[in-house]
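Since chain S is already given, all that's left is putting chain R on it; use the hints.
There are 2 protein chains.
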Amino acid sequence: MNISKQTKNNNRSITLDSRPFGAPNTDNFLIKNQKPPSPLQGQVLLRSVYLSLDPYMRGRMNDTKSYAEPIALGETMVGATVCRIEISLNDNFQEGDWVLAFSGWQDYALSDGKDLLKIPPNLANPSFALGVLGMPGLTAYMGLLDIGQPKTGETVVVAAATGAVGSLVGQIAKLKGCTVIGIAGSEEKCAYAVDQLGFDHCLNHKSDNLAQQLEQVCTKGIDVYFENVGGRVFDVVMPLLNPCARIPLCGLISQYNATELPEGPDRMSLLMGSILIKRIKMQGFIVFDDYSHRYNEFSQAMTLWLSESKIKYREHLIEGLDNTVDAFIGLLEGKNFGKLVVRLGPDDLI
Amino acid sequence: MNISKQTKNNNRSITLDSRPFGAPNTDNFLIKNQKPPSPLQGQVLLRSVYLSLDPYMRGRMNDTKSYAEPIALGETMVGATVCRIEISLNDNFQEGDWVLAFSGWQDYALSDGKDLLKIPPNLANPSFALGVLGMPGLTAYMGLLDIGQPKTGETVVVAAATGAVGSLVGQIAKLKGCTVIGIAGSEEKCAYAVDQLGFDHCLNHKSDNLAQQLEQVCTKGIDVYFENVGGRVFDVVMPLLNPCARIPLCGLISQYNATELPEGPDRMSLLMGSILIKRIKMQGFIVFDDYSHRYNEFSQAMTLWLSESKIKYREHLIEGLDNTVDAFIGLLEGKNFGKLVVRLGPDDLI
Chain S
1 MNISKQTKNN
11 NRSITLDSRP
21 FGAPNTDNFL
31 IKNQKPPSPL
41 QGQVLLRSVY
51 LSLDPYMRGR
61 MNDTKSYAEP
71 IALGETMVGA
81 TVCRIEISLN
91 DNFQEGDWVL
101 AFSGWQDYAL
111 SDGKDLLKIP
121 PNLANPSFAL
131 GVLGMPGLTA
141 YMGLLDIGQP
151 KTGETVVVAA
161 ATGAVGSLVG
171 QIAKLKGCTV
181 IGIAGSEEKC
191 AYAVDQLGFD
201 HCLNHKSDNL
211 AQQLEQVCTK
221 GIDVYFENVG
231 GRVFDVVMPL
241 LNPCARIPLC
251 GLISQYNATE
261 LPEGPDRMSL
271 LMGSILIKRI
281 KMQGFIVFDD
291 YSHRYNEFSQ
301 AMTLWLSESK
311 IKYREHLIEG
321 LDNTVDAFIG
331 LLEGKNFGKL
341 VVRLGPDDLI
Chain R
351 MNISKQTKNN
361 NRSITLDSRP
371 FGAPNTDNFL
381 IKNQKPPSPL
391 QGQVLLRSVY
401 LSLDPYMRGR
411 MNDTKSYAEP
421 IALGETMVGA
431 TVCRIEISLN
441 DNFQEGDWVL
451 AFSGWQDYAL
461 SDGKDLLKIP
471 PNLANPSFAL
481 GVLGMPGLTA
491 YMGLLDIGQP
501 KTGETVVVAA
511 ATGAVGSLVG
521 QIAKLKGCTV
531 IGIAGSEEKC
541 AYAVDQLGFD
551 HCLNHKSDNL
561 AQQLEQVCTK
571 GIDVYFENVG
581 GRVFDVVMPL
591 LNPCARIPLC
601 GLISQYNATE
611 LPEGPDRMSL
621 LMGSILIKRI
631 KMQGFIVFDD
641 YSHRYNEFSQ
651 AMTLWLSESK
661 IKYREHLIEG
671 LDNTVDAFIG
681 LLEGKNFGKL
691 VVRLGPDDLI
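First to last, the sequence lines map onto chains S and R. Under this note's numbering, read the first sequence as residues 1 to 350, first letter to last. Under this note's numbering, read the second sequence as residues 351 to 700, first letter to last.
Please keep in mind that the hints were generated in silico from the structure rather than gathered at the bench. What you were told as hints is all true, and nothing was included just to trick you.
Mimicking DSSO-like on lysine-lysine, the simulated pairs with C-alpha atoms at most 30 Å apart in a straight line are:
1. K278/S x K501/R
2. K628/R x K335/S
3. K385/R x K358/R
4. K335/S x K174/S
5. K35/S x K118/S
6. K114/S x K628/R
7. K355/R x K385/R
8. K524/R x K662/R
9. K628/R x K556/R
10. K526/R x K278/S
11. K464/R x K278/S
12. K335/S x K312/S
13. K174/S x K220/S
14. K685/R x K278/S
15. K278/S x K628/R
16. K335/S x K310/S
17. K628/R x K151/S
18. K176/S x K628/R
19. K524/R x K556/R
20. K310/S x K176/S
Which residues of chain S face chain R? A few of them, derived with a C-beta cut under 7 Å, are:
21. L249
22. Q255
23. L261
24. E263
25. G264
26. D266
27. R267
28. M272
29. I275
30. L276
31. R279
32. K281
33. M282
34. Q283
35. F285
36. I286
All C-beta atoms, glycine included, are put in the ideal place defined by N, C-alpha and C.
Just chain S, same shape as in the assembly (with noise of 0.2 Å):
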């Protein structure tokens, strides 16, 4: 069956058919095709036009005990989405109308209207709601931000600099005045957040003499570590990081698809004692666990910066679901270049 296009009549849904043993392949996901749910009465009917694919997903994968459940074997997987409203039954929707929900990687879905959020009509796009306005903008602004604390004059280092929250983390650092300093997968990225982002540095991972180039650029040590990757990058920031730095550990990107853990020595201790001696402090957050009450704030901050161009967001748009489970794979490998967003169907389906 071909899977390209989105129809009025059937759900294309992408289930988890297997758990992946490190970097997941293709095997480890299926495709069913099922008649679209009926809503019932305060029910609307979902259709899916944008699809996020974020890193948190391989998480989810994984049979482990975890800040969230993991998907179980046969079911949808699952992320948030910009959707239209097919078919209102609730009096609160309109058809027509465009939502945030967190429907998954399908294309139909009944809600009862509690976890959607309105998309503002006059928005640009209504898929920065998968981004700049919704979870990755809220967790670079309040990792960086609450907990971060950076102050002007401080040095900001964030990898994954181009990534959907990285690139933002390095513009509103740059906004408070600090000298931030990107790191990223290639020339082309590296080159793009100097230029358009205007980080002061940005420093290709795949470099053989990371760590000398890092030293060298931050002439100051570091003062916030923004931490998105783990593994390689992390190694080289730790000697460098200034007494009372704040490190927000918001991902670790390199680690997800690890199925065991490095060979020694055994660097726990070393860790710990970096973290007393500088008096460091090493927080992880769930964006919507500890900060969703203060998502107004965050949303009135960043629609003013893009109205006045401060913030600059690019997205990586994938068309069609068939292209879903490719690009997943390639995110996790960092082959996107801005926040990537599946485009599932059209805004109107005839």
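Chain R alone, transformed into the frame defined by chain S:
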């Protein structure tokens, strides 16, 4: 030369003769005898009556960059002292005044008064200024309350539970309505923590099944872990940490004598993964750098608690400078029982 007695005409000092590799031994120290110095105008001559021995001193013996400069070879070992003013050529001090100083492992020192804190004459014992009302007290108070932020009904775990800091952490946590679990190094210490200090439980870290014991008593997980120890104790604490747990990182005494990192696997990413997934805050602090401006707040609270007998405080008093090195070596092995203080001389030297 007999060094056992403090006299008016000889300044005994213990200097760092060589840097330890691993655990310090007596060969690392050298005793010197010199004429006591003579104060100039504006200075006072201090005579040390009590010397505090603390784990941080081990770090200062290494030639590695840390939050404080290493002690140079040939220099007197550093340390907080409670002194009497023997001669005053400074208008702010009178002969016979008790002061808190940082004059190190020796009998006599000069000061211009700026680094001295007067000890109130009504203090039950002037040596309390080295413990419950001094650096260890401030460390326990600020680390627990400012970084740990314990809430009524939460579970607080503290290792080195009968030590200078740990015993106060647990008692303050009880005053805040928490369930308190101590970890200590002998059955006698554990009994003291429960029977005298009022901890809910105290476990012997030398027992074989510490992990299972801890899991049994922490029925609701661990919300605050006050870290004094590191190593094996942290290993058993880590899996029991609750979401949003806080870890004030105050010391890592189990690591201070380590000469190399433990064998692998490398668990650094495991620790960071736990901090991320559980949204943990781990924060190092150095009490005088971070909290000296809040000493008065602490002092008022602690003085009140002591006067109301809500806080108990135990000193492990050693007699004489000639027992100092052995006492310090024993401190790093957990042989002390209570705050370790050396009495160098009598209250009044005639």
